[in-house]
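J.: So you can see what is in the structure, the chains are spelled out below.
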Amino acid sequence: MASEPLLSLESVSQVFTSRRGEIPAVRDVSLDLAAGTVLCLVGESGSGKTTTARIAAGLNRPTGGTVRFAGRDVWGGDRTAFREFRRSVQYVHQDPYASLNPIRTVFATLAGPMRRHRLVANRDEAWQKASELLERVDLTPPENFLTKYPHQLSGGQRQRVAVARALTLGPKLIIADESTSMLDVSIRISLLAMLSRLSTDLGVAFLFITHDLALAKYFGRDGDIAVMYLGRVVEYGPTREVIGTPRHPYTRALLAAIPEPDPELNARKRSAGSLLRSMDTPSLLRLPTGCTFHPRCPSWVEGECDVSVPRLEALDADARHEVACPPVLRQEADAAVPALSEQDGTG
Amino acid sequence: MTDEPVLAVRDLVVEYRTPAGPVRAVRGASFDLYEGESLALVGESGCGKTTLGLALLRLLPRLGSTPHGEVRYRRADGSTVDLLTMRKEQLRRFRWHEAAMVFQGAMNALNPVLRVQDQMYDTIRAHRSMSASAARKRCHEVLDMVRLEPRRVMPSYPHELSGGMRQRVLIAMALLLSPRVLVLDEPTTALDILTQRSIVDVLQELRRELGFAMVFVTHDLALAAELADRVATMYAGRIVELGDSRDVFAAPRHPYTAGLIRAVPPAVGEATEISSIPGGPPSLAALPPGCPFSVRCGLSAEVGDGDGPAGVCVQADPELTRTGERHEVACHYSDRVEFTREVVVDGV
Ligand SMILES: Nc1ncnc2c1ncn2[C@@H]1O[C@H](COP(=O)(O)OP(=O)(O)OP(=O)(O)O)[C@@H](O)[C@H]1O
Ligand SMILES: Nc1ncnc2c1ncn2[C@@H]1O[C@H](COP(=O)(O)OP(=O)(O)OP(=O)(O)O)[C@@H](O)[C@H]1O
Ligand code: SF4
Ligand SMILES: [Mg+2]
Ligand SMILES: [Mg+2]
Numbered sequence: 359m360a361s362e363p364l365l366s367l368e369s370v371s372q373v374f375t376s377r378r379g380e381i382p383a384v385r386d387v388s389l390d391l392a393a394g395t396v397l398c399l400v401g402e403s404g405s406g407k408t409t410t411a412r413i414a415a416g417l418n419r420p421t422g423g424t425v426r427f428a429g430r431d432v433w434g435g436d437r438t439a440f441r442e443f444r445r446s447v448q449y450v451h452q453d454p455y456a457s458l459n460p461i462r463t464v465f466a467t468l469a470g471p472m473r474r475h476r477l478v479a480n481r482d483e484a485w486q487k488a489s490e491l492l493e494r495v496d497l498t499p500p501e502n503f504l505t506k507y508p509h510q511l512s513g514g515q516r517q518r519v520a521v522a523r524a525l526t527l528g529p530k531l532i533i534a535d536e537s538t539s540m541l542d543v544s545i546r547i548s549l550l551a552m553l554s555r556l557s558t559d560l561g562v563a564f565l566f567i568t569h570d571l572a573l574a575k576y577f578g579r580d581g582d583i584a585v586m587y588l589g590r591v592v593e594y595g596p597t598r599e600v601i602g603t604p605r606h607p608y609t610r611a612l613l614a615a616i617p618e619p620d621p622e623l624n625a626r627k628r629s630a631g632s633l634l635r636s637m638d639t640p641s642l643l644r645l646p647t648g649c650t651f652h653p654r655c656p657s658w659v660e661g662e663c664d665v666s667v668p669r670l671e672a673l674d675a676d677a678r679h680e681v682a683c684p685p686v687l688r689q690e691a692d693a694a695v696p697a698l699s700e701q702d703g704t705g
Numbered sequence: 330m331t332d333e334p335v336l337a338v339r340d341l342v343v344e345y346r347t348p349a350g351p352v353r354a355v356r357g358a359s360f361d362l363y364e365g366e367s368l369a370l371v372g373e374s375g376c377g378k379t380t381l382g383l384a385l386l387r388l389l390p391r392l393g394s395t396p397h398g399e400v401r402y403r404r405a406d407g408s409t410v411d412l413l414t415m416r417k418e419q420l421r422r423f424r425w426h427e428a429a430m431v432f433q434g435a436m437n438a439l440n441p442v443l444r445v446q447d448q449m450y451d452t453i454r455a456h457r458s459m460s461a462s463a464a465r466k467r468c469h470e471v472l473d474m475v476r477l478e479p480r481r482v483m484p485s486y487p488h489e490l491s492g493g494m495r496q497r498v499l500i501a502m503a504l505l506l507s508p509r510v511l512v513l514d515e516p517t518t519a520l521d522i523l524t525q526r527s528i529v530d531v532l533q534e535l536r537r538e539l540g541f542a543m544v545f546v547t548h549d550l551a552l553a554a555e556l557a558d559r560v561a562t563m564y565a566g567r568i569v570e571l572g573d574s575r576d577v578f579a580a581p582r583h584p585y586t587a588g589l590i591r592a593v594p595p596a597v598g599e600a601t602e603i604s605s606i607p608g609g610p611p612s613l614a615a616l617p618p619g620c621p622f623s624v625r626c627g628l629s630a631e632v633g634d635g636d637g638p639a640g641v642c643v644q645a646d647p648e649l650t651r652t653g654e655r656h657e658v659a660c661h662y663s664d665r666v667e668f669t670r671e672v673v674v675d676g677v
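As given, the protein sequences belong to chains R and Z, one line each in that order. Here the first sequence is numbered in my numbering, starting from 359 and rising by one per residue. Here the second sequence is numbered in my numbering, starting from 330 and rising by one per residue.
The reader is advised that the hints may include incorrect statements.
Label-pair restraints from in silico Cβ distances [as the list claims (entries may be wrong)]:
hint, chain 1, residue 1, chain 2, residue 2, range
1, R, Ile461, Z, Asn440, 29 to 35 Å
2, Z, Glu399, R, Arg377, 54 to 60 Å
3, Z, Arg537, R, Ala672, 24 to 30 Å
4, Z, Glu602, R, Ile461, 39 to 45 Å
5, R, Gln689, Z, Glu602, 33 to 39 Å
6, Z, Ala463, R, Gln689, 51 to 57 Å
Simulated from the structure, these hints should not be mistaken for laboratory data. Note that beta-carbon positions come from the ideal geometry of N, C-alpha and C, so glycine has one too.
All chains should be built: construct the whole structure from the sequences, respecting the hints.
T.: Below you can see the structure in the form of C-alpha cells.
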C-alpha cells in the first residue's frame, strides 16, 4: 500500500486493572487501514476485538502505543484534530437491540447528531437529510420509517437505522462490531451487500469485526484480515490469502470449526479430527508462557513454543502475509529451499 | 430402534392472545420424530420455531394456547399419551423424565443468584426423591458428560462461567433425569465459532452414547447441516419442507429453503452465487392470500411472467405433499425448483 494509511495502530496495548489483577486485553497490536478499504478483525470471544475497535474509534485511550489518523497522533494533544478524528470514525454497536434509544423515533435518532454538529438549519432540512440516509440503507419509502420507534422495527431494520445514524456526520471509517451476528443469514447478507455498496459509493472504509471467518471472507474479500488470539494478532494479510491458505494453527482451527450448509462436506471435515488439543481458552489473568496458544496447539514444539514469544513475521520478503508462529515460518522457509535447489539441478 | 416414532405431532395449532385478537404462530404442524433421531427446525426470525418447540413440552407462556392438534409421545414401555390432554400432575412428571427443554439464551435461562449446584439439586429434588450423595453423584456424571469440571463448575455462579460453559451447564441439567427426548432452542446462537464447535461435538457424542432423540431450533442452516438427520423448514407458522438433511441440502424442493441455503457464505472455497431472499416474512396477523411466501418468491414471479406471483400461488395455500420417499414440500411448483450451490475450491 503506497498511500498513507487512513488509520494506523502502532504497537497499541490496553491493560485493564481489575480487583483480581491486570488484564492485558490487547498487546502490541499494529494494523493499517487505507481509505475506502476493508479490514476484518476475527478471533474468538475475549480475544480483544472490541477493545481494539474501541481504541481505533478513540473511545479508549490505549495504555501503550500510538494511534494515527491521517498521519496525526490522535492522542498528541491537538484538540481540533481529535474532534475531527472522532467525527470521522463511527462505531456501530454489536447488539442491534441495545444500540438504539427506545424512546426516540428514527427521525429523532438521526436528527440528533445533525443538529448537534449544526449540519442542518431547521427541521425540514433535517427531515430531508434523514430521508436520504434511510434511502442509502434501503429503508424505503423513508416516511414509513421516520416516525417509528425501535420496538416497531425488525432486528435487520434496527441495524440499518444504526448504520444510517453512523452516516449522519459523513464518516471516513465505520467500525461494525459483530453487527450482524444475531440476525438471520438472509438479512445478514443483504446488510453486508448494503455496506459494500456504501463503501464503493461513498468511499467509506470499514473495520469489520466478527468471529465468523466465512462472513469475513465474504465481506472483506478485497481487503485485509487480522486474526486475534488472547489480545495479539497471530496472522495478518490479504483476506484471500489468509483464508485461502491459512498458516497459523489457530486460523486453521477457526476455519475447520465452521460448519457448511452441506452435510457431506461437514462429515468429511469432521473425519479429519479436531485441530485443537484443548477447547478451553486460558484466562488473561494467567496467560501461558511463550506462545499463548501452545497449550491448545496441535503442532507446538516443546522447549520452543512454551518459551519464546513469537513475533509477526512475513512469510517471505515480498509477501504481505504475516504469521506469528516460528515452526510454521520455518516450515515455509524449508519448503521454499528444496524447490530452488531442484531448479538448480535441472538448469 | 422400532418403527414407531417416539414423538408424533399432528396438525398442531398454537395461538397467542394479543390485544388485537388471537395470532396463530403455528398453523398446523405435523411431523414424526424417531428414536435417536435429530430433527432441526429452521427458518427466519418470527416463523414460529420457538413456539413449536415450547408446545412440544407444553411450556408455552400463559398467553399461548393449543386449540387444535396432537402431540403424542410413546413411552419406553410402548404405551402412548397425548401431551395436550395430560393432567397437570402427570405433566410435571413427564417433563425432565421423558423430555427436557434447553431454553434459548443460556444467559437468562439460569438463575443469576443461585450457584450452579443449587440449581441442579433443585431440579433433581423437584422431580425425584434422591439422597444428597446420590444427587451429587448424578450432577458430577452429567457435568462430566458435557466435559465440564464438576468441582470447578458446581460452586460457581452463572456469571463466573463463560457463555459456552453456561450452555453446557444447561445441557447437563436437561440430562439429569435421562430424558428420551431433548428439545433445544438455538443451542449455539451468540457463541463464537470454536465454542459452537465444542457444543456441537458434545451433543453428537451424547447422542451416540445416550441415544436420546432431539429437536433443535436454529436459524443457522449450516448448524442444521452439521447436526440434524432431518430438517423441517418453517415459514409463517407452517412446515413448508421436511426431509432427510442430505436430500434437503443437496436438492431443496421449496424455493424458500433453496433461498436460505444460497444465503450462507462458504468457509471453504468461493461460492459462485450468494444472495439474500428479498423482503421479510409477512405479519402473522395479516397473511397474504394463497402461499404466504408468494410475495417474495422468485420462482413464482418467473412463472407469473412479470405480472407478480403465479395465479395459483395467490389463490391457494399449498399443502405439505410427499415428493420423495422421505421428502415433503408445500409448494405448487416444487418440481420446478432449480438449485445448485456451486463452490469453487482452487488449489485443492
Ligand atoms: N473495561 C474493561 N475492564 C476490564 N476488562 C475488560 C474491559 N473491557 C474488556 N475487558 C476484558 O478484555 C478482554 C477482551 O475483551 P473484548 O471485549 O475486547 O473481546 P472481544 O474479542 O470483543 O470478545 P467478544 O467476541 O466476546 O465480543 C476480555 O477478557 C474482557 O473481559
Ligand atoms: N408471548 C407472545 N405473545 C404474542 N405473540 C408472540 C408471543 N411469543 C411469540 N409471539 C409471536 O409468535 C411468532 C413466532 O414467534 P417465535 O418466537 O416462535 O419465532 P422464532 O421462529 O422462534 O423466532 P426467533 O428466531 O426470532 O427466535 C412471532 O410473530 C412472535 O411475534
Ligand atoms: S407455492 Fe408458489 S409462491 Fe409458494 S413457494 Fe411455491 S412457487 Fe413460490
Ligand atoms: Mg466484542
Ligand atoms: Mg426463537
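J.: All hints, please: hold or fail.
T.: Verification of the hints:
1. R/Ile461 - Z/Asn440: 29 to 35 Å: holds, 30 Å
2. Z/Glu399 - R/Arg377: 54 to 60 Å: Holds - the Cβ-Cβ distance for Z/Glu399 and R/Arg377, about 56 Å, lies within 54 to 60 Å.
3. Z/Arg537 - R/Ala672: 24 to 30 Å: At roughly 45 Å between Cβ atoms, R/Ala672 and Z/Arg537 fall outside 24 to 30 Å, so the hint is violated.
4. Z/Glu602 - R/Ile461: 39 to 45 Å: holds, 42 Å
5. R/Gln689 - Z/Glu602: 33 to 39 Å: holds, 36 Å
6. Z/Ala463 - R/Gln689: 51 to 57 Å: holds, 53 Å
In summary, the structure is inconsistent with hint 3 from the numbered list given earlier, while agreeing with all the others.
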